[in-house]
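Those sequence lines, one after another, are chains A and B.
The UniProt record's numbering numbers the first residue of the first sequence as 1 and each following residue consecutively.
The UniProt record's numbering numbers the first residue of the second sequence as 1 and each following residue consecutively.
Careful, some of the hints might be misleading.
No farther apart than 30 angstroms at their CA atoms in a straight line, the calculated lysine-lysine pairs in the DSSO-like style are these [said to hold, decoys possible]:
hint, chain 1, residue 1, chain 2, residue 2
1, B, K43, A, K155
2, B, K341, B, K387
3, A, K295, B, K43
4, A, K155, A, K387
5, B, K295, A, K43
In case anyone wonders, no lab produced these hints; they're calculated from the structure.
Keep in mind it's a predicted model, so treat the numbers as computed, not measured.
Number of protein chains: 2
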Amino acid sequence: MNYQRFLEEAIDQVHAERRYRVFADLERIVGKFPRAIWRANGKAEEITVWCSNDYLGMGQHPDVVAAMQQAAGNMGTGAGGTRNISGNNHPLVELEHELADLHGKEAGLVFTSGFVSNEAAISTIGRLLPNCLILSDELNHASMIEGVRRSGAEKKVFRHNDVAHLESLLQAAGRERAKLIVFESVYSMDGDIAPIAEIADLAEKYNAMTYIDEVHAVGMYGGRGGGITEREGLAHRIDIIEGTLAKAFGTLGGYITGTRSVIDAVRSYAPGFIFTTALPPSIAAAATASIRHLKTSQAERDAQQRQATHTKQVLADAGLPVMESATHIVPILVGDPELCKMASDRLLGVHGIYIQPINYPTVPRGTERLRVTPTPFHSDALIAELKAALVETWNALGIPYRTEGHTEVPKSERIVSLLVPQSGG
Amino acid sequence: MNYQRFLEEAIDQVHAERRYRVFADLERIVGKFPRAIWRANGKAEEITVWCSNDYLGMGQHPDVVAAMQQAAGNMGTGAGGTRNISGNNHPLVELEHELADLHGKEAGLVFTSGFVSNEAAISTIGRLLPNCLILSDELNHASMIEGVRRSGAEKKVFRHNDVAHLESLLQAAGRERAKLIVFESVYSMDGDIAPIAEIADLAEKYNAMTYIDEVHAVGMYGGRGGGITEREGLAHRIDIIEGTLAKAFGTLGGYITGTRSVIDAVRSYAPGFIFTTALPPSIAAAATASIRHLKTSQAERDAQQRQATHTKQVLADAGLPVMESATHIVPILVGDPELCKMASDRLLGVHGIYIQPINYPTVPRGTERLRVTPTPFHSDALIAELKAALVETWNALGIPYRTEGHTEVPKSERIVSLLVPQSGG
Numbered sequence: 001m002n003y004q005r006f007l008e009e010a011i012d013q014v015h016a017e018r019r020y021r022v023f024a025d026l027e028r029i030v031g032k033f034p035r036a037i038w039r040a041n042g043k044a045e046e047i048t049v050w051c052s053n054d055y056l057g058m059g060q061h062p063d064v065v066a067a068m069q070q071a072a073g074n075m076g077t078g079a080g081g082t083r084n085i086s087g088n089n090h091p092l093v094e095l096e097h098e099l100a101d102l103h104g105k106e107a108g109l110v111f112t113s114g115f116v117s118n119e120a121a122i123s124t125i126g127r128l129l130p131n132c133l134i135l136s137d138e139l140n141h142a143s144m145i146e147g148v149r150r151s152g153a154e155k156k157v158f159r160h161n162d163v164a165h166l167e168s169l170l171q172a173a174g175r176e177r178a179k180l181i182v183f184e185s186v187y188s189m190d191g192d193i194a195p196i197a198e199i200a201d202l203a204e205k206y207n208a209m210t211y212i213d214e215v216h217a218v219g220m221y222g223g224r225g226g227g228i229t230e231r232e233g234l235a236h237r238i239d240i241i242e243g244t245l246a247k248a249f250g251t252l253g254g255y256i257t258g259t260r261s262v263i264d265a266v267r268s269y270a271p272g273f274i275f276t277t278a279l280p281p282s283i284a285a286a287a288t289a290s291i292r293h294l295k296t297s298q299a300e301r302d303a304q305q306r307q308a309t310h311t312k313q314v315l316a317d318a319g320l321p322v323m324e325s326a327t328h329i330v331p332i333l334v335g336d337p338e339l340c341k342m343a344s345d346r347l348l349g350v351h352g353i354y355i356q357p358i359n360y361p362t363v364p365r366g367t368e369r370l371r372v373t374p375t376p377f378h379s380d381a382l383i384a385e386l387k388a389a390l391v392e393t394w395n396a397l398g399i400p401y402r403t404e405g406h407t408e409v410p411k412s413e414r415i416v417s418l419l420v421p422q423s424g425g
Numbered sequence: 001m002n003y004q005r006f007l008e009e010a011i012d013q014v015h016a017e018r019r020y021r022v023f024a025d026l027e028r029i030v031g032k033f034p035r036a037i038w039r040a041n042g043k044a045e046e047i048t049v050w051c052s053n054d055y056l057g058m059g060q061h062p063d064v065v066a067a068m069q070q071a072a073g074n075m076g077t078g079a080g081g082t083r084n085i086s087g088n089n090h091p092l093v094e095l096e097h098e099l100a101d102l103h104g105k106e107a108g109l110v111f112t113s114g115f116v117s118n119e120a121a122i123s124t125i126g127r128l129l130p131n132c133l134i135l136s137d138e139l140n141h142a143s144m145i146e147g148v149r150r151s152g153a154e155k156k157v158f159r160h161n162d163v164a165h166l167e168s169l170l171q172a173a174g175r176e177r178a179k180l181i182v183f184e185s186v187y188s189m190d191g192d193i194a195p196i197a198e199i200a201d202l203a204e205k206y207n208a209m210t211y212i213d214e215v216h217a218v219g220m221y222g223g224r225g226g227g228i229t230e231r232e233g234l235a236h237r238i239d240i241i242e243g244t245l246a247k248a249f250g251t252l253g254g255y256i257t258g259t260r261s262v263i264d265a266v267r268s269y270a271p272g273f274i275f276t277t278a279l280p281p282s283i284a285a286a287a288t289a290s291i292r293h294l295k296t297s298q299a300e301r302d303a304q305q306r307q308a309t310h311t312k313q314v315l316a317d318a319g320l321p322v323m324e325s326a327t328h329i330v331p332i333l334v335g336d337p338e339l340c341k342m343a344s345d346r347l348l349g350v351h352g353i354y355i356q357p358i359n360y361p362t363v364p365r366g367t368e369r370l371r372v373t374p375t376p377f378h379s380d381a382l383i384a385e386l387k388a389a390l391v392e393t394w395n396a397l398g399i400p401y402r403t404e405g406h407t408e409v410p411k412s413e414r415i416v417s418l419l420v421p422q423s424g425g
C-alpha cells in the first residue's frame with residue numbers, strides 16, 4: 001500500500017478531467033466593491049469581481065462592518081464554546097429572533113454554514129419521522145443531497161420544478177406516510193424559480209412537510225428581504241425555510257426557521273449542530289445589522305434588479321448567449337469545458353475581470369457557462385466594460401454567439417458524489 | 001401522519017432522559033475575562049465562566065481583536081463566496097501557511113469548523129484509499145465518528161489508548177491493506193493523553209496512515225503551541241494533524257495539515273469543503289494573529305498550567321473528587337445525572353459560577369461530572385471562590401466527597417447516534 005501514490009493518482013484524475021481548482025487569491029476592498037486585489041505569480045493587481053455571492057455588497061456596508069468591529073471590541077473574537085457549553089452568546093440569541101421574525105416563523109436556529117444547516121436539518125428531520133420518504137428536486141444543492149443521504153430515509157427525486165411528477169410520487173406514497181419535500185426557491189446555476197404555491201398545494205393535499213432552501217433569495221426578494229416565499233406571500237405555507245447569512249447578508253453562517261417544535265428537535269438531535277463551536281458574537285452582530293438594514297431598505301434590492309436587467313440587456317444586445325433567468329443571476333452559455341476555463345482565464349489575465357467557469361457536474365455537460373452576478377455596485381460603466389471584455393474573449397476564442405432570442409439549454413440532474421469532484425463550489 | 005406530534009414526542013424523550021438543553025444566554029466582556037453577563041428570567045447579572053474552551057483567553061487578546069477589526073474595516077465582514085468562487089481571501093491563504101508552519105507540514109486547509117474538518121477529512125481519505133480499514137479510538141469525538149461513518153470504510157474500534165489492542169487489529173489487517181488510525185492527543189472529557197509515540201511506532205511497523213485530533217492541545221502545548229505532537233517531538237511522525245481555531249486560538253474554524261498531496265486530495269474531493277462559503281478575512285486575520293502570538297509567547301501556556309495545577313490542588317485539598325487528568329482539564333466527579341444538573345444550576349443561580357453538567361452519553365453513566373477549564377485569567381482569588389462554591393454545593397446537595405487519593409472512574413465507549421442526543425456539546 002503506497003498512500004502517497006494513491007492520493008496523487010486521485011489528484012491526477014481531477015487534472016485529467018480538467019476540473020482541478022486553483023483558488024484565486026483575492027483581497028476585497030471596503031469602499032471599492034466590487035473591486036479586489038488579485039495576487040498571482042508574485043504580482044498584485046486590482047480587478048473587478050463579477051461572480052461574488054455577496055449579492056448586495058452588504059459585506060462592505062458601514063453599519064455591518066461597524067457592528068462586527070464593535071462586537072469584537074466588546075465581546076472578543078470567538079464564542080468560546082458550543083451553544084450548550086458557554087458559547088451561546090447574546091448576539092446569536094438576538095440573531096435567531098431576527099430570523100424568525102424575517103420569515104414569520106416561531107423560531108430560528110443558526111449554524112456555522114448553509115451547508116451544515118441543510119445537511120443537519122434535513123438529515124435530522126428525515127431520521128426523526130418514522131419511515132419518512134424524502135421527495136427531492138433533481139437540481140437540489142450538494143448540501144441538501146448530503147442531508148437526504150445521511151437521513152437514511154428513502155428518497156425519490158422529482159424532475160426539476162415538475163409538479164406533475166412530484167404529485168405522482170406523493171400519490172404513490174399516500175397521505176399516511178411521512179413525507180418531506182425538499183427544494184430551492186432560486187436555483188443558483190440557472191437562476192430559475194420553483195413553483196412554490198403549487199408545491200404547497202400538493203403538500204397540503206397529500207399531507208407532506210415542506211423544506212425550502214432560500215439561500216439565493218433571502219435579502220434580495222420580498223418587501224423585507226424574506227425571499228421568494230415572502231414576495232409571493234407563501235412563507236406561512238412552507239414548514240421550514242432555510243437561508244444563509246453568507247450571501248446577500250454579507251457575513252457567515254446558515255440557518256433554519258420554523259415551528260418551535262421542529263427547531264427544538266433539530267437543536268436537540270443534530271450532532272453537526274450540537275458539537276460545533278457557536279458563531280462568534282461579531283459575526284452574529286454583523287448579520288443582525290445586515291438583516292435589519294435590508295428589512296427596511298428597498299434601495300439595494302431595486303438597484304440589484306435594475307443592474308441585473310441592464311446587464312442581461314447589454315450582453316444580449318451584443319449577441320452574447322445569455323441564458324434565460326428569472327432572477328439576478330445571469331448565466332452566459334459557453335457549452336464546452338475547455339473553452340469555459342480559457343474564457344475565464346482570459347477575462348482575468350487580459351481584462352482584469354474575475355468570473356469562475358461553471359463546468360460539469362455542477363451543470364450538465366454541454367451547458368458549461370460563465371455565471372455573472374450583478375450587484376447594486378456594478379455600475380453601467382462596469383457593465384459596458386464587461387460586455388467589451390466578453391466580446392473580445394468570444395472573438396479571440398471562437399466561442400459561438402447566440403443564434404436567436406434567449407438561449408435555452410436542457411437541465412438534467414447534477415450528479416453529486418464524493419468521488420466525482422464538483423466544478424462548482 | 002401528525003408531524004407536529006412526532007416532533008414533540010422526540011423532544012419529550014429528551015426531557016424524559018433529563019438531557020434537554022437550555023442554552024445560557026451569555027455576553028462575554030473584553031478586558032474582564034472570564035467574567036460574562038448572564039441573562040435569564042428578564043434579569044442580567046455578571047458571572048464567572050469556568051467551562052470556556054477559549055482556553056487561554058485569546059479571544060480577548062488586544063492583538064487578536066485588533067486584527068479582526070482591521071480586516072473587517074479593510075476587507076468587509078464576509079468572504080463573498082466559496083473558496084473556488086471568489087471567496088478565497090488573502091488572510092485565509094496566509095492562515096493556511098501559518099498552520100502548515102505551526103505543525104511542520106507541507107500544507108494546511110481551513111474549514112468553517114473543527115467538526116467539519118474531521119468529518120470532511122476522515123470521510124474523504126477513508127473513501128479515496130481502496131478498501132481502507134479505519135482504526136478508531138473508542139473515545140473519539142462525535143465529529144470523527146461521523147467522518148468514519150461517512151467514509152463508508154470498514155471500521156474497527158480499539159479500546160481507549162490501548163496500543164496492544166490496536167496492534168492486534170493492525171496485525172489482523174496486514175501490511176498491504178490500506179489503514180487509517182484516527183485518534184486524539186488530548187481527550188477533552190477526561191483530560192488524558194494518547195500514547196502518540198507508540199501509535200506512530202505501530203503505524204510504521206504495519207504501514208498505516210495516522211490522523212490525530214489536537215483540538216484540545218494546539219496553542220497550549222509545545223514550544224510554539226503546536227500541541228502534544230510538538231511537545232513530544234512527534235509531529236513529523238503523524239501524517240495528518242487536525243486542529244481548531246475556536247478553542248485556544250480564540251476565533252472560529254477548524255483545519256488539517258499534512259503533505260501537499262493529502263491536503264490537495266481533501267481540498268479537491270470533500271463536498272463539505274468545496275460547497276461552503278470561505279471563512280471571512282476578519283476571522284482568518286484574527287486566527288493568524290493569535291497563532292503568531294502563541295508561537296513566541298510562552299506566558300499564556302505557563303500561566304494556564306500553573307492555574308490548572310493550583311485549581312486541582314485547592315479542590316483536592318478540600319476533599320472534592322477531582323478526577324485524574326494529565327492536562328489543563330479538571331473534571332470533578334458527581335456520579336449522578338440529576339445531581340450533576342442540580343449542582344450546575346446551583347453554582348450558577350446561587351454562586352454566579354457557570355459550569356455545564358457533563359452527562360451520559362458524552363461520558364459513561366455513573367461518571368457524570370463537572371468539567372472545569374482554568375485559564376491564565378482564573379486568578380487564585382477566583383479559584384478560592386470556586387472551591388467555596390463547590391463545597392457549599394456539595395454539602396447542600398449531599399454529593400459524595402473523595403474517599404482517597406485522586407478519583408478514578410472507568411472509561412467506556414461513548415455511544416454517538418443521531419437518535420441519542422448528546423449531553424456534551
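Going down the list of hints, with the structure as the test:
no.: 1; hint: B:K43 / A:K155; verdict: 47 angstroms, violated
no.: 2; hint: B:K341 / B:K387; verdict: 18 angstroms, holds
no.: 3; hint: A:K295 / B:K43; verdict: 29 angstroms, holds
no.: 4; hint: A:K155 / A:K387; verdict: 43 angstroms, violated
no.: 5; hint: B:K295 / A:K43; verdict: 29 angstroms, holds
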